[in-house]
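In the order they appear, the protein sequences are chains A and B. Using the working numbering, the first residue of the first sequence is number 1, and each one after it goes up by one. Using the working numbering, the first residue of the second sequence is number 1001, and each one after it goes up by one.
Take these hints with a grain of salt, some might be off.
[Stated by the list, open to error] Result set (BS3-like, lysine-lysine): computed pairs, CA atoms no more than 30 Å apart in a straight line:
1) A:166 / A:114
2) B:1148 / A:114
3) A:166 / B:1297
4) A:166 / B:1146
Everything labelled a hint here was simulated from the structure, so no lab data went into it.
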Amino acid sequence: MSYVLSLLVLIPLLGSGVTFALSSLRGGGRTTSNVAAAFAFATLLVAGYAFFWVYWHTPTLGTYALTEDHPWISLPGFGVDITLGLDGLSAPLVLVSSIVGMLSVLSSRTLIDKREPAYYSLLLLALASVMGAFTSLNLIVFYLFWELTLIPMFFLIGVWGGDRRKYAALKFIIFTFAGSAVMLLGFLALYFGVSTSTFDIPSLAGRIPTGLQYLPLLAVFVGCAVELPVFPFHGWQPDAYEQAPAPVNALLSGILPKFAGYAVIRIALGLFPQAAYQYAWAFIIVAIFSMFYGAVVALLQSDLKRMFAYTSISHMGFVLFGAFATVLSGNPLGIEGAILLMFTHALATGSLFTLSGFVEKQSGTRKIPLLGGMGQRVPLTAALLAVASSAAMGIPPFASFLAELMVISGGISAYTSTAITVLVPVITGGYFLWMLKRVIIDPAPPATDTGKATEDVSRADATVVALYLVPLVLLTVFSFLILSPAAPVAQWTANLIHGGLHA
Amino acid sequence: MAEYILFAVAALSVAALGVPFLQYRGRRGSLPGYLLIVALLAALASVILNAATGSTSSAPFGALLASDSLGNLFAILTLFVTLFVAAASLTLIPSGRSSNTPFYYSLLSFAALGMLLISYSVDLLMLFVAWELMSIPTYALAGFQKSKEESNEAAVKYAVLGALSSAIILYAISLTYGLTGTTNIGAAAASLGSQLTDPVAGLAVLLFVVGFGFKMSIVPFHMWAPDAYEGAPTPIAALFAAGTKKAGFVAAIRVVLAISTVYSLTPQGGLFTIPNVLAVLALATMTLGNLAALTQKSMTRLLAYSSIAQAGYILVGFVAYSYGQGNPAFAQQAELGMTGALFHIINHSVMKGAAFLGAGLVILKLGSGSVETFNGLGRRMPVTAFAMAISFLALAGVPPLSGFWSKLLLFTSVLSTPFAWLAVVGVLNSALSMGYYGWVIKRMYLDEPDGETTRVEEPASFAVVLGVLVALIIAFGLFPGPVISFARDAVPALAGH
Chain A
1 MSYVLSLLVL IPLLGSGVTF ALSSLRGGGR TTSNVAAAFA FATLLVAGYA
51 FFWVYWHTPT LGTYALTEDH PWISLPGFGV DITLGLDGLS APLVLVSSIV
101 GMLSVLSSRT LIDKREPAYY SLLLLALASV MGAFTSLNLI VFYLFWELTL
151 IPMFFLIGVW GGDRRKYAAL KFIIFTFAGS AVMLLGFLAL YFGVSTSTFD
201 IPSLAGRIPT GLQYLPLLAV FVGCAVELPV FPFHGWQPDA YEQAPAPVNA
251 LLSGILPKFA GYAVIRIALG LFPQAAYQYA WAFIIVAIFS MFYGAVVALL
301 QSDLKRMFAY TSISHMGFVL FGAFATVLSG NPLGIEGAIL LMFTHALATG
351 SLFTLSGFVE KQSGTRKIPL LGGMGQRVPL TAALLAVASS AAMGIPPFAS
401 FLAELMVISG GISAYTSTAI TVLVPVITGG YFLWMLKRVI IDPAPPATDT
451 GKATEDVSRA DATVVALYLV PLVLLTVFSF LILSPAAPVA QWTANLIHGG
501 LHA
Chain B
1001 MAEYILFAVA ALSVAALGVP FLQYRGRRGS LPGYLLIVAL LAALASVILN
1051 AATGSTSSAP FGALLASDSL GNLFAILTLF VTLFVAAASL TLIPSGRSSN
1101 TPFYYSLLSF AALGMLLISY SVDLLMLFVA WELMSIPTYA LAGFQKSKEE
1151 SNEAAVKYAV LGALSSAIIL YAISLTYGLT GTTNIGAAAA SLGSQLTDPV
1201 AGLAVLLFVV GFGFKMSIVP FHMWAPDAYE GAPTPIAALF AAGTKKAGFV
1251 AAIRVVLAIS TVYSLTPQGG LFTIPNVLAV LALATMTLGN LAALTQKSMT
1301 RLLAYSSIAQ AGYILVGFVA YSYGQGNPAF AQQAELGMTG ALFHIINHSV
1351 MKGAAFLGAG LVILKLGSGS VETFNGLGRR MPVTAFAMAI SFLALAGVPP
1401 LSGFWSKLLL FTSVLSTPFA WLAVVGVLNS ALSMGYYGWV IKRMYLDEPD
1451 GETTRVEEPA SFAVVLGVLV ALIIAFGLFP GPVISFARDA VPALAGH
């Protein structure tokens, strides 16, 4: 038994404790951020090791690498083990979470200037529970880490957020808590339904009778729908994304929706394939609606962060679309694309939100009509914003392009008519370019002060944003790093319904 | 051995009868409190020894008390609760020249003695005497702040409804005796089981539910609770929520659930069965408790309604247990449900104890118990705010804190019975409860203090009490195994088969 995955949780957890202990230090903001960065970097190294381990020893269909099993609660009639494991689905998510976590800590250095010890402590606690959620193979432990992520997020939004932060934080916690509570019900229903009562995901796979799959599938889907979020469960999200401090946004929008994407593929499809197959058409409709809804509403936003938030809804619709397209058609392309898209979306959206923080710090506003002339005033910020937008739009040098292409192709093999979804990237490109024109090329409106701000983003901060974007470019060439471990997972999931069809 | 229980009884009796003499010697400071703490520690130690030696002698004092593991669990729990209430009272109850602290601690000791005896009672008459021994001192304790109008109102309201519930219990006991000719609970239950044709048997069981239901503050017998919790001194409110309420539960487990082999309350069978009645009560208790809590402006009332809601969750376990009594195929669920109920009873005492004591300190230091007072408490009283935040998260069922596991067991236990809808209701209620728990946490940590922003001193001794409770909440959450086993051992054997 290896302890790599335990380390992934324990390192940031220890970091959380250490940074909190530093709160007795007077004016120790810089020290704290250095310590936090060190712990985040250590997490990144371990995550990188784990990822490449999975890449080189890709587990065969339906199995996991680096597994750990720690007995926790065992009673007659009720047992929970802490089972950890990685496969081609979770390994990319663990890696991208640690990258985003690291960059989020680094970008906090300029963007957060009060109560740093508590801030970094909560940030690392969130990172630890994210790692736990992606590595756990037990439904209850997964739920536990999922919930545990929400608590630090609540405080991070509520204490360090914008003007309406308290409202946004409370709305966030109530929505997500309710969603995950419903999901928990689905998990519990499984427990007595199967002959061997267990919460262990690998042992549940393939053992659940079709009749027992419908309600748990619905329950898990509701939990995921709130977290992704998809229309109509998205009420909390634009507020939370708008109010959260920019570095927290990177986690909130980059990583938290991936819980849901992960749960859809691992649990909804992995455990309830027959029910998912029967109702895939309904989920695909929800997904496509969500893609268009997010894109169209994003077009109407005047606040940078709200615009990015709706973009996120649209992109997460792609993930859902790809996943269910594979179930329907048996073509693994959909899930492979979804996994790659989750990876690229985390980085692209992280860079955009971080930039929005820098823009607000420079110009004092995030309102698109009030900004303007950034190309003249703050050329470096403008350039970064243009590049990050291209990444989010899915323009070819960035791997997002590849991911969206795969998802749409996968979708077409399920229903040809879903080819209409190619319009989504078109709309996305449209509103991003329109936004760029307004904030970079157009002159600032004369009545405001924003036009006078000329202090450009510092070189260190620019590097942080660039670090989000570099992996995206590299991935276009080295996409096999993600896709080759993802292939067996996608194939295994497809085989649950279409056994041997495409094998 | 029964001697341990005897020793505990003796220690509490000495404290109860001896402490008031201090009043005449002019020792009205905190000495009586310390004496009670010593007596409670001695009693707690002897009860723990009793549990550790694992003696299950069934008949100390004739056949009135049984030294079984269910009794041990509740005796340890209620004594522990009285201990932290007494320790917190040292800070929260003013002990000046004109105070009556000796009588306060003496009454507290009587109540502890009553709860101890209820835990071990296996005879209806013994149970009733112990019940009154617990109840009557608490009427006086509720009105202990004589000069406060609300305190008087709380005491009167609580005393009247308490007396009513005692009368109902007594009536149920007499009906049971009339039908069975015995007051021994086990014998009476077995005998009632063979009298299915007599509608009076069903009436007796229902009256027990109502009578104990007052103390458990289940809807619709909860009306006294919010007023009494708000008017009583806060440590006494903590005693109500964490202590006497639990005595109601152990009485219900001993009497109602033992009789639930009767199962159907009417001769014809049909819908009017014990699990059905309990399920409806659970539904009403959870839902009304949480809905009412959402609208409260006073912290103690909010906690009172939250406490009502938690009783509803516990009833879910009772439903599973009583259903298993009548349906042998569901024996495993019955055991799981009762394990969950006992575990949640333990957890609720700890969580609600921390919340009430924290609220008590805020009321003492900041002079008001309205929810606005809690704005910015994270700055002003960091230890108290942290303890309350942890206990609120645990009450809402956020993992990995203790409340999560007990709720999980409770809801899991009914999922494969016909009462699966209760699990759905329970989970939705948990989500609903986040509305007010999260709202208070938001006030404490996200809002700015209204008036002064200076740090308020939190007494070290009080911080220790809160610290112990918080440590238990976290420890039971991270390592629930031992406590769950402890609760499991205390589950009474199913009587039906």
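Checking against the hints above, which ones are violated? Violated: hints 2, 4.
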